[in-house]
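Peer 1: In case you want the letters, here they are:
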Amino acid sequence: MAVDAPALEDAAAGRGRDLLMAKRSEVADWLGLSLPTRDGEITAVSSIAAATEHSVVFAMDAAALADALGSKAGVILAGKSLKIDHVEEDSRVWTVEDPRYAFALVAKHLKGKEFEVGVHPSAIVGKGVEIGERTGIGPGVVLGDGVRIGRDCHILARVTIYAGTVLGDRVVVQAGAVLGSTGFGYARHAESGEYVLFPQQGTLCVEDDVEIGANSTIDRGALGETRIGRGTKIDNLVHIGHNCVIGKNVIIAAQTGISGSSVVEDGAILGGQVGIGEHATVGAGVILGGGAGVLSGKKMRGPGQVFWGRPARPLKEYLRDLARLRKG
Amino acid sequence: MAVDAPALEDAAAGRGRDLLMAKRSEVADWLGLSLPTRDGEITAVSSIAAATEHSVVFAMDAAALADALGSKAGVILAGKSLKIDHVEEDSRVWTVEDPRYAFALVAKHLKGKEFEVGVHPSAIVGKGVEIGERTGIGPGVVLGDGVRIGRDCHILARVTIYAGTVLGDRVVVQAGAVLGSTGFGYARHAESGEYVLFPQQGTLCVEDDVEIGANSTIDRGALGETRIGRGTKIDNLVHIGHNCVIGKNVIIAAQTGISGSSVVEDGAILGGQVGIGEHATVGAGVILGGGAGVLSGKKMRGPGQVFWGRPARPLKEYLRDLARLRKG
Amino acid sequence: MAVDAPALEDAAAGRGRDLLMAKRSEVADWLGLSLPTRDGEITAVSSIAAATEHSVVFAMDAAALADALGSKAGVILAGKSLKIDHVEEDSRVWTVEDPRYAFALVAKHLKGKEFEVGVHPSAIVGKGVEIGERTGIGPGVVLGDGVRIGRDCHILARVTIYAGTVLGDRVVVQAGAVLGSTGFGYARHAESGEYVLFPQQGTLCVEDDVEIGANSTIDRGALGETRIGRGTKIDNLVHIGHNCVIGKNVIIAAQTGISGSSVVEDGAILGGQVGIGEHATVGAGVILGGGAGVLSGKKMRGPGQVFWGRPARPLKEYLRDLARLRKG
Numbered sequence: 001m002a003v004d005a006p007a008l009e010d011a012a013a014g015r016g017r018d019l020l021m022a023k024r025s026e027v028a029d030w031l032g033l034s035l036p037t038r039d040g041e042i043t044a045v046s047s048i049a050a051a052t053e054h055s056v057v058f059a060m061d062a063a064a065l066a067d068a069l070g071s072k073a074g075v076i077l078a079g080k081s082l083k084i085d086h087v088e089e090d091s092r093v094w095t096v097e098d099p100r101y102a103f104a105l106v107a108k109h110l111k112g113k114e115f116e117v118g119v120h121p122s123a124i125v126g127k128g129v130e131i132g133e134r135t136g137i138g139p140g141v142v143l144g145d146g147v148r149i150g151r152d153c154h155i156l157a158r159v160t161i162y163a164g165t166v167l168g169d170r171v172v173v174q175a176g177a178v179l180g181s182t183g184f185g186y187a188r189h190a191e192s193g194e195y196v197l198f199p200q201q202g203t204l205c206v207e208d209d210v211e212i213g214a215n216s217t218i219d220r221g222a223l224g225e226t227r228i229g230r231g232t233k234i235d236n237l238v239h240i241g242h243n244c245v246i247g248k249n250v251i252i253a254a255q256t257g258i259s260g261s262s263v264v265e266d267g268a269i270l271g272g273q274v275g276i277g278e279h280a281t282v283g284a285g286v287i288l289g290g291g292a293g294v295l296s297g298k299k300m301r302g303p304g305q306v307f308w309g310r311p312a313r314p315l316k317e318y319l320r321d322l323a324r325l326r327k328g
Numbered sequence: 001m002a003v004d005a006p007a008l009e010d011a012a013a014g015r016g017r018d019l020l021m022a023k024r025s026e027v028a029d030w031l032g033l034s035l036p037t038r039d040g041e042i043t044a045v046s047s048i049a050a051a052t053e054h055s056v057v058f059a060m061d062a063a064a065l066a067d068a069l070g071s072k073a074g075v076i077l078a079g080k081s082l083k084i085d086h087v088e089e090d091s092r093v094w095t096v097e098d099p100r101y102a103f104a105l106v107a108k109h110l111k112g113k114e115f116e117v118g119v120h121p122s123a124i125v126g127k128g129v130e131i132g133e134r135t136g137i138g139p140g141v142v143l144g145d146g147v148r149i150g151r152d153c154h155i156l157a158r159v160t161i162y163a164g165t166v167l168g169d170r171v172v173v174q175a176g177a178v179l180g181s182t183g184f185g186y187a188r189h190a191e192s193g194e195y196v197l198f199p200q201q202g203t204l205c206v207e208d209d210v211e212i213g214a215n216s217t218i219d220r221g222a223l224g225e226t227r228i229g230r231g232t233k234i235d236n237l238v239h240i241g242h243n244c245v246i247g248k249n250v251i252i253a254a255q256t257g258i259s260g261s262s263v264v265e266d267g268a269i270l271g272g273q274v275g276i277g278e279h280a281t282v283g284a285g286v287i288l289g290g291g292a293g294v295l296s297g298k299k300m301r302g303p304g305q306v307f308w309g310r311p312a313r314p315l316k317e318y319l320r321d322l323a324r325l326r327k328g
Numbered sequence: 001m002a003v004d005a006p007a008l009e010d011a012a013a014g015r016g017r018d019l020l021m022a023k024r025s026e027v028a029d030w031l032g033l034s035l036p037t038r039d040g041e042i043t044a045v046s047s048i049a050a051a052t053e054h055s056v057v058f059a060m061d062a063a064a065l066a067d068a069l070g071s072k073a074g075v076i077l078a079g080k081s082l083k084i085d086h087v088e089e090d091s092r093v094w095t096v097e098d099p100r101y102a103f104a105l106v107a108k109h110l111k112g113k114e115f116e117v118g119v120h121p122s123a124i125v126g127k128g129v130e131i132g133e134r135t136g137i138g139p140g141v142v143l144g145d146g147v148r149i150g151r152d153c154h155i156l157a158r159v160t161i162y163a164g165t166v167l168g169d170r171v172v173v174q175a176g177a178v179l180g181s182t183g184f185g186y187a188r189h190a191e192s193g194e195y196v197l198f199p200q201q202g203t204l205c206v207e208d209d210v211e212i213g214a215n216s217t218i219d220r221g222a223l224g225e226t227r228i229g230r231g232t233k234i235d236n237l238v239h240i241g242h243n244c245v246i247g248k249n250v251i252i253a254a255q256t257g258i259s260g261s262s263v264v265e266d267g268a269i270l271g272g273q274v275g276i277g278e279h280a281t282v283g284a285g286v287i288l289g290g291g292a293g294v295l296s297g298k299k300m301r302g303p304g305q306v307f308w309g310r311p312a313r314p315l316k317e318y319l320r321d322l323a324r325l326r327k328g
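Chains as they are written, first to last, in my numbering: chain F, 1 to 328; chain Y, 1 to 328; chain U, 1 to 328.
Treat the hints as calculated values from the structure; they're not laboratory data. Heads up, a few of these hints could be off.
Copies of the same chain look alike in the list, so a pair counts if it fits in one copy or across any two.
[Unchecked claim] Calculated lysine-lysine pairs in the DSS-like style (CA-CA distance at most 25 Å, straight line):
no.: 1; residue 1: K298; residue 2: K316
no.: 2; residue 1: K23; residue 2: K248
no.: 3; residue 1: K327; residue 2: K108
no.: 4; residue 1: K298; residue 2: K248
no.: 5; residue 1: K108; residue 2: K23
no.: 6; residue 1: K299; residue 2: K316
no.: 7; residue 1: K299; residue 2: K80
Can you make the complete structure from the sequences, with help from the hints?
Peer 2: Below, the structure is given as structure tokens:
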């Protein structure tokens, strides 16, 4: 089979996503706009290239706006700062504060239930498991004894959730992730050098609106708990160790690892492949660049402050160090 | 569902772990102590905060000891170096060489069989597979043809073990790990630039008492074998390439990757996100800091010697280099 | 069970691989050689140590050649540059351009179908899925709606392929990999700091002859597609973000991560634990050393050019920087 360009459209068709339909006026309502526009049907968000008269697209700059105006797009979300003198009569252009955010919001409203609710017959459900309303448990999922999952969650194929783990509402877990696994803590015998497992009998709590990427792993607490705060988003192949406390609305990009007992406070942003030692603290709103490393016990503080490098230091210092190195 | 603090206790209860009960005198026996203590029942190890009169806790410093004395804990394991003059009459305080190790040892003795022995009905078992006594094979596990697993092992949910892989006794494999996968070795055609797989027909041997983390991957040998030595502990999302030989009682923290044909000798300790090239050697007892990188073919030697950075160098040199860079 | 040296041979026997048999003359044909040799049977490629008279082995240097000549090997593939005066009468030695490549080619021809064709009864197959001839779908695999898989593919245990993903012919996917997962793109609300998912409604196309390692994850496009080019080989625990375009015959070693919308052109070689930011370009034939880091938006160019370090720079510069640092 040759895999070529048309495959995309075919495949998208094959997916058979259950998209809802909305009136233009409803879409305007979602965005808090009251626009004097003709009405009509909206069925999708799309790229400018693939837009139809029923599509919503967005434009972040003048070039994209020009492209969008040349397309068939039914609604064009454009930033207020864009000069749109020539098109003010064009009822297709809606100006909003943040076109990308508005676009995502329309998509969220437009999309129907993308998954089957209920428990797939191939899933293995332990004793005493509680599952909330409208939650979908995918094929091959394993839920240990006493797992509690809230409402409107989507647990995708082959996720494993260990006994005793608690998930809030609207939690999404991508395929293959492992939640509540045994932490990595050992005590070493002074003479033999042999290791014995430190007890890992705590639990893992994942709060509402958290999303977790494919094949990521989050360990339960040793004696206490591991906690992932409300609204936090975690990418693929991320590792979070036992007893970590991750705040609310934190972003953690792919392949980042957080060692045991560390704290990441609300609104922090961690790039890909970041490494954080044990008992470290990443303060509220701190931004760690991709590949940054935080030593055990360190505290990085300052909302909006960007840290970079291994060991992580303020971006300005990092760039100065790099410049020195290059000059010799 | 709101996920709040009480969830932890409920969840722990929900887990329904089959903890055994022991007399205080038995616990003292496990630790090689003969203490003139009143007897009573011990049912758990716990944090100081959650201790009951049936709990064993441990204290590493004076502050923790004070907390423990103020708790209901039935037994407090404390270091010999701690001044405990004021409490020598308190039969709750037991002095030991290493309280954390003693605590882990009590936990190990206390805990009953935490898993179901036998093969879960949803597991897929190949032809000619041998499984030892008292071993538990979890839901969704896949065992290829000719796999051999020893006694008292615990293979958790959705682990895949490729054909021909051999595991010793008391091996624990966390959910989603892949053992014996095809190694990453290719030969490149000089003109076309196309790659053809170098034969990956060897095997993987995992010795007794090894523990492997969630979603980790260990490839089988190309022509020979990959071997993980007795008592070695491997964290989550670790990658070990084909033909690696890992010694005994080695610690490998999360997201570390070891390329093909490398050797890690007995008692080495590898931090998280360490990267090791091909045909490298990490000597016995060497300690690699988190994120350290060892170039292909390199040999790092010296028991207890700490290496840091990329490329990895002795900690003293690494710190000196860093200081120079900062001074400019 | 003690796991000791003999385990390897037993295990290999246990694997029961269905190796084909070939005449020596056929093997010579596969390599484009016409050698005046006696005929006989060849049943395996092997290490020199394990060679029998029916084995093909290879020798890259004089020492290996001496070893091979001392073994029972039936055919010894040796480089043309090796001085083999003393053995020119030995019909066991065949001189070829690239012995390792020739060895891999013989292995490819020799091996029979190593996997069962058809769909394992434990696999979950969505609606509208198309699977080509002679393809094998392993135990516990999950194929979403509308997935299309070509001919002669091997999808190993517990792989998850999301709805709408398209795979070409002769694609091999190792256990636990996740293909077509939801990309990691969010829009942030300016005031609340809450994130809403940017629509991830595109697809993933994997072209012919691609091989993907255990527990790797590849996200589908957001609005467009993610594409993995023909003949590209991807190791274990690799992450590839949404909308990436990976060229043909690219090598990506273990634990490398490529952020969204980046391009890796034909024939590039990425070492282990490489990190690539968003919207970056790795040019055709570029080589990134293990652990190299490419910043978002950067373009690395030059066929055969080696880049190293974080941020990645030409090897020469990297070594100069390192030397400066060490000298102080």
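Peer 1: Indicate, hint by hint, whether the structure satisfies it.
Peer 2: For each hint, the structure was consulted:
1. In this homomeric assembly, K298 and K316 come within 25 Å of each other (Cα to Cα) both inside a single copy, at 19 Å, and across copies, at 19 Å.
2. In this homomeric assembly, K23 and K248 never come within 25 Å of each other (Cα to Cα): the closest approach is 34 Å inside a single copy and 44 Å across copies.
3. For the identical chains of this complex, K327 and K108 are neighbours neither inside a copy (50 Å) nor across copies (51 Å), given an alpha-carbon limit of 25 Å.
4. Taking the shortest alpha-carbon separations for K298 and K248, only the intra-copy value of 21 Å comes in at or below 25 Å, while the best inter-copy value is 32 Å.
5. Taking the closest pair of Cα atoms, K108 and K23 come within 25 Å of each other only inside a single copy of the chain (15 Å); across copies the shortest separation is 58 Å, beyond that limit.
6. Taking CA atoms no more than 25 Å apart as the test, K299 paired with K316 passes in both settings, with 18 Å inside one copy and 23 Å between copies.
7. Within a single copy, K299 and K80 get their C-alpha atoms no closer than 39 Å, and across copies no closer than 32 Å, so neither meets the 25 Å cut-off.
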